[in-house]
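Student: Top to bottom, those sequences are chains E and V. Numbered according to the numbering used here, the first sequence spans residues 257 to 532. Numbered according to the numbering used here, the second sequence spans residues -18 to 281.
Derived by calculation from the structure, the hints in this document are not laboratory data. We treat Cβ as the ideally placed atom computed from N, Cα and C, and that holds for glycine. Careful, some of the hints might be misleading.
Said to hold, decoys possible - Pairs of lysine-lysine residues, derived as DSSO-like cross-links and limited to a Cα-Cα distance of at most 27 Å, are as follows:
| hint | chain 1 | residue 1 | chain 2 | residue 2 |
| --- | --- | --- | --- | --- |
| 1 | E | LYS360 | V | LYS(-15) |
| 2 | V | LYS193 | E | LYS361 |
| 3 | V | LYS182 | V | LYS193 |
Claimed, not checked - Calculated Cβ distances over 12 Å to all of chain E for the following chain V residues:
| hint | residue |
| --- | --- |
| 4 | GLU(-14) |
| 5 | GLU14 |
| 6 | GLY28 |
| 7 | LEU39 |
| 8 | ASP41 |
| 9 | GLY45 |
| 10 | ARG185 |
| 11 | LEU187 |
| 12 | GLN225 |
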Amino acid sequence: MKRRPAPLTVLLTALVVLVAAISVAPFLVMIITSLKASSAIFSSHPQWLPSPVRWDNYLRAFRETPLTDYIENSLIISGGATLLNILAAAPAAYALSRLQFGGKKWILQAVLVTQMFSPVVLVLALYHLISVLNLTDSLWSLILTDGTFSLAFSIWLLTSYFNAIPVEMDEAARLDGCTRIGVFRRVLMPLARPGLAVTALFAFIYAWNEFVFALTFIATPDRNPLTVGLFDFVGRYEVQWNLLMAASVIAVVPVILIFMFIERHLVEGLTAGAVR
Amino acid sequence: MRRKEAVTAILCLLPAAFLGGVLIFYPILRTLELAFFHMDPVGRPTGFAGWTNFTNLLKDPLFGRVVFNTLIWTVGVVTVTMVLGMAVALLLNSRPPGYRIARLLLLLPWASSLTISAITWRWMLNGQYGAINQLLHSLHLMPTTAQPEWLALPRPAFEWIIVVGIWVSVPFTAIVLQAGLQSIPSDIHEAGWLDGASGWKHLRHLTLPMMKSVVVTVALLNTIYVFNSFPIIWIMTRGGPMDQTHIMITYLYKQAFTLSEYSSAGAIATLTFIILLVISLIILRLSFGRGSLASGDERA
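Based on the provided sequences and hints, a complete structural model is requested.
Tutor: Here it is in structure tokens:
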């Protein structure tokens, strides 16, 4: 490799700092606002850093807004959707990875096509369906839709994880007298555990971040998940940006941590089909 | 034996097929019904409408603006995102000091929900107290007497929405492209350097052609995400002021849930899907069909 001249290194470093700064700036604003007193936010002499630092904004966000409800709803919805997603995706991915049957290609294409539909395109029809099923304003409506709309990507991801497990493992187990379902349960599922974890976390984040279904299906404010709940703040608590930003920090931190943990696997899943 | 295997396969696929059938494929059919039938106020079909619901859209004075915005939004965000994303990917791949931290911070806009990002940007763009105006004041780019309310006027509002669209899309693009760059075997790079290919030529004739399928995949995914994007616009402006910042997706939502115009919403939904399908086919054809731009044999 050639050595890089010093001025170029300086330039590249400066660019890296710029990229980092632009990525992080809104999150800094979020954190800084969350720690300011209301008087400091609405001051004619704006300050960059909060002084005094109001840590109690975080407590106030819990006490003065339905944040606890939102978090609870988000956890129930995301947990339920993840479970549903994995229970449906894992056997489907097993069939696509290991079993021989007609129409496999057709099914894979159908899975990809569903990826192209924006939830918004179907949300009106879904709203009618949800009303008919009597699930309006119920968390079940979101568990079902969130779990299903992340299904295509989960199946895709899990199929590639199963494909990476050598078929010899299955054959050995079959010789030992395992049935096909036994192979799936005793060989593939344990070996694909990291893949299952990544897929589950992906489904969890999808549901945690989902907005349009919750906006549409939930009518009672206390039943909202965090996304729509926080959006509600903007109208209802317009003046209390510090509390809203404190709640946003609470909503965003766990997801970012999970995401940093699984991101490499997601990228591998995305590029696996593309890089040849 | 074969037969038994097929039965097992069907059983394995059943849960996913059931969920997808009820919650995706049935709504697709229902959307088509909304688009091609007249509806009563509760959404029951009252008679075949043919193309009436579509031709009615053409009579809607706002619809032209909506389609134009959709075009600017999609082409603008995707193009700028691909260029910036590739630049950031190449930058990270050259591993200057601090690139690991930069890559980690780049994940933030991708990981956080669009909802919270859009809420934060809306706060930053607040005219009196927002960070954007504060920054412009302290850099002396704007007199402190000027406190533009960016989201209150159609044009600046739409421009800022595009900026936010790019801000949320670049990280995903850059990181996947960087993964693609890393998968290029290093001996190919070295061979290129030994041949005296440098800088732009290297990028143009070695890196980009090898990256073609990754670039196409990312461009396609971006196009679908951006065209279908809802939360950013809905949270920042709700399509306003005066319905001037709508794209088809947000306008469809307004037709359906603010105005209860089910047929009109169904027609827009059908139209968006057809457009998306055509765009995807064009992108795939341009990239993998004949006359492809980046095909290796073409030398400028």
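Student: Now tell me if each hint is right for this structure.
Tutor: Hints, one by one, checked against the model:
1. With a C-alpha separation of about 16 Å, the suggested pair E/LYS360 and V/LYS(-15) falls inside the 27 Å cut-off, and the hint holds.
2. Proximity of V/LYS193 to E/LYS361 is assessed by CA-CA distance (about 24 Å); at most 27 Å being required, the pair is judged to hold.
3. Taking the CA atoms of V/LYS182 and V/LYS193, the gap is about 16 Å. The hint holds against a cut of 27 Å.
4. The claim that V/GLU(-14) lies off the interface is violated: its Cβ sits roughly 5 Å from the closest Cβ of chain E, which falls inside the 12 Å cut-off.
5. Here V/GLU14 does not stay apart from chain E, with its beta-carbon only about 8 Å from theirs, under the 12 Å limit.
6. A cut-off of 12 Å between C-beta atoms confirms that V/GLY28 is not in contact with chain E; the least separation is 18 Å.
7. Against chain E, the non-interface label of V/LEU39 holds: every CB pair exceeds 12 Å, the least being about 20 Å.
8. Look at V/ASP41: its CB is around 17 Å from the nearest CB on chain E, clear of 12 Å, so calling it non-interface holds up.
9. Non-interface status of V/GLY45 relative to chain E is upheld: no Cβ of that chain comes within 12 Å, the nearest being about 21 Å off.
10. No beta-carbon of chain E is positioned within 12 Å of the beta-carbon of V/ARG185; the least distance is around 18 Å.
11. For V/LEU187, the requirement that its beta carbon stay farther than 12 Å from each beta carbon of chain E is met, with the minimum near 15 Å.
12. The Cβ of V/GLN225 sits about 19 Å from the closest Cβ of chain E, beyond the 12 Å cut-off, so the non-interface label holds.
The structure does not agree with the numbered hints 4 and 5 stated previously, though it agrees with the rest.
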